[in-house]
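For reference, the chains in residue letters:
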Amino acid sequence: MASEELQQIRFVSPVGSVGGGIAGSALDEAMAQAPDFIACDAGTTDAGPFSLGMGTAAFPREAVKRDLSLMLRAGRKANIPVIIGSAGTAGGDVHVDWVLEIAREIVAEHDLTLRTAVIYAEQDKTYLKRLLGENRILPLDPAPPISDSIIDGSSRIVGMMGVEPLQQALSDGADFVLAGRCSDSALFAAIPLMRGFPPGLAWHAGKVSECGTLVCETLGKGVIFTTVSQDEITIRPYGAGLRCTPQSVAAHSLYENANPYLHRECSGTFDLTDSTFEAIDDVTVRIRGSKFMSEPHTVKLEGAELAGYQSIIVGGIRDPYIIRQLDVWLDSVRKYIDESVARVLGDKADKNSYRIIFHKYGINAVMGALEPDPKHLPHEVGIVLEATAPTQDMAHKLAQLSRQPLLHYPIKEWVGSITAFACLHNPAVIDRGPVYRFNLNHVAVPSTPVEMFRTHLMDLCASRNS
Amino acid sequence: MILADIASLIRSKNAGPFTLTFDVMFADLAGYRRVKDSGALNPAAFAKLYRCPVDKVRYFECENALALKFSIPRPLTQGELGDGDTHGGQQFIPLLNVEIP
Numbered sequence: 113m114a115s116e117e118l119q120q121i122r123f124v125s126p127v128g129s130v131g132g133g134i135a136g137s138a139l140d141e142a143m144a145q146a147p148d149f150i151a152c153d154a155g156t157t158d159a160g161p162f163s164l165g166m167g168t169a170a171f172p173r174e175a176v177k178r179d180l181s182l183m184l185r186a187g188r189k190a191n192i193p194v195i196i197g198s199a200g201t202a203g204g205d206v207h208v209d210w211v212l213e214i215a216r217e218i219v220a221e222h223d224l225t226l227r228t229a230v231i232y233a234e235q236d237k238t239y240l241k242r243l244l245g246e247n248r249i250l251p252l253d254p255a256p257p258i259s260d261s262i263i264d265g266s267s268r269i270v271g272m273m274g275v276e277p278l279q280q281a282l283s284d285g286a287d288f289v290l291a292g293r294c295s296d297s298a299l300f301a302a303i304p305l306m307r308g309f310p311p312g313l314a315w316h317a318g319k320v321s322e323c324g325t326l327v328c329e330t331l332g333k334g335v336i337f338t339t340v341s342q343d344e345i346t347i348r349p350y351g352a353g354l355r356c357t358p359q360s361v362a363a364h365s366l367y368e369n370a371n372p373y374l375h376r377e378c379s380g381t382f383d384l385t386d387s388t389f390e391a392i393d394d395v396t397v398r399i400r401g402s403k404f405m406s407e408p409h410t411v412k413l414e415g416a417e418l419a420g421y422q423s424i425i426v427g428g429i430r431d432p433y434i435i436r437q438l439d440v441w442l443d444s445v446r447k448y449i450d451e452s453v454a455r456v457l458g459d460k461a462d463k464n465s466y467r468i469i470f471h472k473y474g475i476n477a478v479m480g481a482l483e484p485d486p487k488h489l490p491h492e493v494g495i496v497l498e499a500t501a502p503t504q505d506m507a508h509k510l511a512q513l514s515r516q517p518l519l520h521y522p523i524k525e526w527v528g529s530i531t532a533f534a535c536l537h538n539p540a541v542i543d544r545g546p547v548y549r550f551n552l553n554h555v556a557v558p559s560t561p562v563e564m565f566r567t568h569l570m571d572l573c574a575s576r577n578s
Numbered sequence: 487m488i489l490a491d492i493a494s495l496i497r498s499k500n501a502g503p504f505t506l507t508f509d510v511m512f513a514d515l516a517g518y519r520r521v522k523d524s525g526a527l528n529p530a531a532f533a534k535l536y537r538c539p540v541d542k543v544r545y546f547e548c549e550n551a552l553a554l555k556f557s558i559p560r561p562l563t564q565g566e567l568g569d570g571d572t573h574g575g576q577q578f579i580p581l582l583n584v585e586i587p
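As you go down the protein sequences, you meet chains R and P in turn.
The first sequence maps to residues 113 to 578 in the working numbering.
The second sequence maps to residues 487 to 587 in the working numbering.
By construction, these hints were calculated from the structure, which means they are not laboratory data.
Everything numeric in this text was worked out from a predicted model, so none of it was measured.
Please note that a few of the clues may not be correct.
To be verified - Looking from chain P toward chain R, a few residues come up when the C-beta cut is under 7 Å (computed):
{"hint": "1", "residue": "P503"}
{"hint": "2", "residue": "F504"}
{"hint": "3", "residue": "A513"}
{"hint": "4", "residue": "S524"}
{"hint": "5", "residue": "F546"}
{"hint": "6", "residue": "C548"}
{"hint": "7", "residue": "E566"}
{"hint": "8", "residue": "G575"}
{"hint": "9", "residue": "P580"}
Don't be surprised by glycine CBs; every beta carbon is placed ideally from N, CA and C.
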């Protein structure tokens, strides 16, 4: 990395998430421009806490393998590093190992040799409890309560790394960096920062590049090619019909960010308040003026804990006499269910140990208490009965015991036995397995930027790949 | 006129599991300025629509993106039992009918 005289650094963001589907021909076009590295994020909390809690990925293995294979082969052909972060959706150790196994297959199938750095981001609970005791775990806003028992009760806790562990791995000669949970922007900022480019531009370049073509005017199949120099960023897509415009690039900072101007990273905050966006040509935008303020190093924590096991029943109600008194009727159904549960399951199902929720589609299932029009009655209401309990067996039995009262609980308007609920399925009960909740919105204050992350260097090559 | 008739896109989304964020976007500077200068979209009005304390509402005017933006704590954490919108994508509806004088 001889670099003092580097005028600019160029990189490719091939897709918003590994497994999202790289446009191969657009990647070829971008690689023809001789980029210095390829980086791609593979994770998110967007889908919910399940991936982190359960240790599974949100994308199919085949989709991840296809994208990773395209990137690793392109990287080797050009002899440039490939950096992947937040492996396997949640970036826990099990997720990293899952992607590492896929990488081993790719190496074997394509006869590659890869100096690989694997960086684990899962956190040791004893270490976190020590930090907590030293007041070195701080809440963000809003934050759920934290304690030793919350930490112990977590299924998995990851720390979101910044550029430092990535830079260490690159300095050690890695041409494939496979990282656990990682800041998306850090994947792209690591090398520009190592080579002395201004931090505000390095971080902002990462930020606008990390979602792939989401930064374009309209989303489409393509890749993003970004250049950072001492005083500006340029960003453009490769892919049919795609363009970056000053508005589309500026607006990208809004998406999924609470504050569009200030973005907190491990090592500080980058500030886009004074950033300017100009069109260079029909598809390329120039950014200037982005700043970075160094701050004490913090590492964001993400944790998930088991909320229970779920079983559901899906169906609907069409009877207008029930719909007009739906809440009262469902309260009666719930009371009947509670009585059945107490009678049948007795001590096995303490009322505080389970929860039954009716999601009322057509009334307020989507917005809940925020629904601005809760009095509007539709001609049909969809119901999802959701039973959550400490075991799958109990959740299943709760749902089974719910079916009869849902079907037959009477209303005074009708004389005789009614069937009030249209079940969608037989069997009516669907077991959903374990469900998780996010239980941390905190940052840790480590002694060094790298102490929370464990790096393993290894050579992946076809011949030694078992 | 209502906001939905002027904005080019009104959207909501999680900003992490604990925050909801709302973007009101415009096709041109005239539309952006008309809504911004009307004062109809402000933290107090937003707090009323979303039944949350006004000091929890963050409001941003983003002229270079032609957008107005709000962020609030999520009423229920993403994926918490009872949360009916995992991605937070359908929570913008109360903004549609805001009268712009």
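Now the hints, each set against the structure:
no.	hint	in the structure
1	P503	4 Å, holds
2	F504	5 Å, holds
3	A513	9 Å, violated
4	S524	20 Å, violated
5	F546	6 Å, holds
6	C548	5 Å, holds
7	E566	6 Å, holds
8	G575	10 Å, violated
9	P580	5 Å, holds
Of the hints listed earlier, those the structure fails to meet are numbers 3, 4 and 8, in rising order.
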